[in-house]
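Visitor: In the order they appear, the protein sequences are chains A and B. So the first sequence is numbered by the UniProt record's numbering: it starts at 1 and just counts up by one. So the second sequence is numbered by the UniProt record's numbering: it starts at 1 and just counts up by one.
The calculated DSSO-like cross-link candidates involving lysine-lysine, where the alpha carbons are at most 30 Å apart (straight line), are:
(1) A:Lys199 / A:Lys426
(2) B:Lys245 / A:Lys444
(3) B:Lys294 / B:Lys183
(4) B:Lys42 / A:Lys147
(5) A:Lys134 / A:Lys77
(6) B:Lys150 / A:Lys430
(7) A:Lys401 / B:Lys262
(8) A:Lys188 / B:Lys150
(9) A:Lys245 / A:Lys401
(10) A:Lys196 / B:Lys150
Calculated from the model, a selection of chain B residues having no Cβ within reach of chain A, i.e. all distances over 12 Å:
(11) Val146
(12) Asp196
(13) Ala198
(14) Pro214
(15) Leu220
(16) Thr221
(17) Lys294
Computed footprint of chain B on chain A; a stretch qualifies when at least three of its residues, placed anywhere within it, have a C-beta under 8 Å from a C-beta of chain B:
(18) 92-105
(19) 258-271
(20) 413-421
Quick caveat, the hints were computed from the structure, so don't treat them as lab data. Bear in mind the structure is a predicted one, so any value in this text is a computation, not a measurement. C-beta: ideal position from N, C-alpha, C; glycine also.
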Amino acid sequence: MKNKWFISLMVLSMILFLAGCGKSSSNTSGGESSVLNGGAGEKATELSYWTFVELHGQHFEKMLEKWNAANPDRQIKLNVTVMPYDDMHNKLSIAVQTGVGAPDIADIELGKFPDFLAGDPQLEPLNDVAEPYKGTVVQSQLDLYSKNGNIYGLSTHVGATVAFYNTEILEQAGVDYKSIVTWEDFKKAGIQVYEKTGKYMGTADTSATWQASLLLAQQNSDFTDADGKPQVNTPEMIRALTMLKDLQDNNVIATIAGGQPDTEEAYGEFNSGNYATAFMPLWQMSRYTNYMKDLSGKIAIAPLPVLEKGMHRSYGGGGTGTVVTKTAKDVQLAKDFIAYAKLSLDANIEIWNTLGFDPINMSVWDMKEVTHNPDNQFVKYFVNNPFDVLNEIREEINLIKSTSASPTINNVLCTVTLNEIFEDGKDIQKALDDAQTQIEQELK
Amino acid sequence: MIKNFLYSQKVAPYVFVLPFVLVFIIFWIYPLLSSFGMSFQKVTLGQEAHFIGADNYTKLMGDTIFFKAVRNSAVYMLLTLVILIPFPMLFAVLINNKAMWAREFFKSAFFFPALTSVVVAGTIFRLMFGEMEGSLINSILGVFGVEPVKFLKGQTTGFIALVALATWRWMGVNMLYFLSGLKNIPDDYYEAASIDGASAFQRFTRITVPLLKPTTIYVLTISIYAGLAMFIESMMLWNGNNSPKNIGLTIVGYLYRQGIEKNNLGYAAAVGIVLLLITMVINLTQLAFSGMFKKEED
Numbered sequence: 001m002k003n004k005w006f007i008s009l010m011v012l013s014m015i016l017f018l019a020g021c022g023k024s025s026s027n028t029s030g031g032e033s034s035v036l037n038g039g040a041g042e043k044a045t046e047l048s049y050w051t052f053v054e055l056h057g058q059h060f061e062k063m064l065e066k067w068n069a070a071n072p073d074r075q076i077k078l079n080v081t082v083m084p085y086d087d088m089h090n091k092l093s094i095a096v097q098t099g100v101g102a103p104d105i106a107d108i109e110l111g112k113f114p115d116f117l118a119g120d121p122q123l124e125p126l127n128d129v130a131e132p133y134k135g136t137v138v139q140s141q142l143d144l145y146s147k148n149g150n151i152y153g154l155s156t157h158v159g160a161t162v163a164f165y166n167t168e169i170l171e172q173a174g175v176d177y178k179s180i181v182t183w184e185d186f187k188k189a190g191i192q193v194y195e196k197t198g199k200y201m202g203t204a205d206t207s208a209t210w211q212a213s214l215l216l217a218q219q220n221s222d223f224t225d226a227d228g229k230p231q232v233n234t235p236e237m238i239r240a241l242t243m244l245k246d247l248q249d250n251n252v253i254a255t256i257a258g259g260q261p262d263t264e265e266a267y268g269e270f271n272s273g274n275y276a277t278a279f280m281p282l283w284q285m286s287r288y289t290n291y292m293k294d295l296s297g298k299i300a301i302a303p304l305p306v307l308e309k310g311m312h313r314s315y316g317g318g319g320t321g322t323v324v325t326k327t328a329k330d331v332q333l334a335k336d337f338i339a340y341a342k343l344s345l346d347a348n349i350e351i352w353n354t355l356g357f358d359p360i361n362m363s364v365w366d367m368k369e370v371t372h373n374p375d376n377q378f379v380k381y382f383v384n385n386p387f388d389v390l391n392e393i394r395e396e397i398n399l400i401k402s403t404s405a406s407p408t409i410n411n412v413l414c415t416v417t418l419n420e421i422f423e424d425g426k427d428i429q430k431a432l433d434d435a436q437t438q439i440e441q442e443l444k
Numbered sequence: 001m002i003k004n005f006l007y008s009q010k011v012a013p014y015v016f017v018l019p020f021v022l023v024f025i026i027f028w029i030y031p032l033l034s035s036f037g038m039s040f041q042k043v044t045l046g047q048e049a050h051f052i053g054a055d056n057y058t059k060l061m062g063d064t065i066f067f068k069a070v071r072n073s074a075v076y077m078l079l080t081l082v083i084l085i086p087f088p089m090l091f092a093v094l095i096n097n098k099a100m101w102a103r104e105f106f107k108s109a110f111f112f113p114a115l116t117s118v119v120v121a122g123t124i125f126r127l128m129f130g131e132m133e134g135s136l137i138n139s140i141l142g143v144f145g146v147e148p149v150k151f152l153k154g155q156t157t158g159f160i161a162l163v164a165l166a167t168w169r170w171m172g173v174n175m176l177y178f179l180s181g182l183k184n185i186p187d188d189y190y191e192a193a194s195i196d197g198a199s200a201f202q203r204f205t206r207i208t209v210p211l212l213k214p215t216t217i218y219v220l221t222i223s224i225y226a227g228l229a230m231f232i233e234s235m236m237l238w239n240g241n242n243s244p245k246n247i248g249l250t251i252v253g254y255l256y257r258q259g260i261e262k263n264n265l266g267y268a269a270a271v272g273i274v275l276l277l278i279t280m281v282i283n284l285t286q287l288a289f290s291g292m293f294k295k296e297e298d
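Generate the whole structure from the sequences, applying the supplied hints.
Guide: In structure tokens form, the structure reads like this:
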């Protein structure tokens, strides 16, 4: 009797195994797919689109409806597949380069973009469709996704980096965020916050380079030199990390679960009010409204502190380039559509409305009725209006270059170096020298 | 003619092994030779591969991250051997003992984790070993007044989580191997031994352990291979292939990073060939020592 029971258990387990296999092999793309109709008729062309950010799909949905209404003879159905970040980029790079299984349209994150431009890019140049919009959008955002004068990706946002302050915590400690101008001010405020509330003023990021980048940008420096060669042990980099380490030693900032503000674990930590500040590109706003609902009405946006007064107070961080692959079903249609969905004035207004990003068509920044629309979820959520801050710093947004060395630099800093410095207290000069050696070795 | 062919004693065996041989050639020999060739090339997808001699191997010899990965894989393998051979054997003996209470329950309870997907298990272990105060392990430690530990950021603590995951998942499978081995040991031996006055411990060391040797060798061989080839567990536990300071990077993880994440398939092929060599050397030595290549003497 007992034996029988055991045998049936084994049979059951085998069936489960087989069922498991069947499922994984049929679901080849591994992500969630859905077909957006956007009011398209029967003759519409179906285009596939891969992204790693669910929200980007929502934006395309809105733009698709407008496109289909305006172009009845060139209607599109969009098959959207959302996959996790690493998965999507890995699958896309194999698909694009082997020429099999690639989507028509895809999102590629800035940090991964140089990989796709290596050698002979297997992406369609977008110069002809971007041309009409030149002059209306920020030129540096077009250059960011270009190679040898060809534009291969259409940018989503400027990504101006700002400070997000939790005013509730700051008020408890008697700190006014508006008075913070330099990092020295930030340190004083942070010490006060820690003494009064026991909470940390900010994070010491170990798995992202936002902080290192913004401090380099303030000093007009970069991770790579003019020729695109890596340089991570420069005096500017040492100054930046020494300053951050000093903040950590004074309990102003501390490492956070997840390693940086834009992770699931960190959303939880911020939401429960354990950290008062995040220094992030403006798109972090959408993380607040989506994942940190408890902080509604408590978060204020302000320009970044600087090392010395007069330094530039922001830099464009992160970004996504939308591309058309060489294997696309209808290349011209795909190109026209993404130009419409990313570069047109309408698109730029929607990018703010739906995604809460700072659009690359800066004339939107001046449209009071759009930026100060009282019904907008982002306007409602934050203490002050983000565009008041953006317009204050609009001439101060520096850029960190993305070169073929960037993915390797990022990988070494985010897995090894920043952890050594902030978790293990390794000597900064030594850690950065090691990083430089490692990066050069890997790029050989 | 066909009948003659099928009934021929000489041909039939080859016909029967043909499917295996075909699968072996197509899915094993061919990829092996092709990656051996690739390991001497610079391969970038979508572009012509070109021959670069032993450059990939010389670069590999100076690659500290690769050695870190080898060390991680080796330590992981040793730890799983130390835990996942003696303990499953012990539990199998206990469960096989007729005096044991709720034997069937324990049998299935131990086996159940093997049915879960590594992806699910890895994700749950990641949450359990989270660094926040509220994560399961830290809140248990908190009861004893221990400060929250950042498990997945330290080498030792990270490995505790990794080995805990492996133990939880594979204990039951190895136990089943040993149980089936135990079923083959006749009860007469134990009876005879107890009549001669052997204690339970003596019966275990003198009868059970030696007679389980074939099973043990089998479990040892697959554990060595599984330990060195581990990848998904680490990938799920650290939510990606890039663990802090590479504490969870394995040889296969490094192969994946170079080949898939960095599009450097030639270099990744060299990593794969080195992994094959390491695994073969360890396993062949181990099999030779345990006498598997001797002719059976009966």
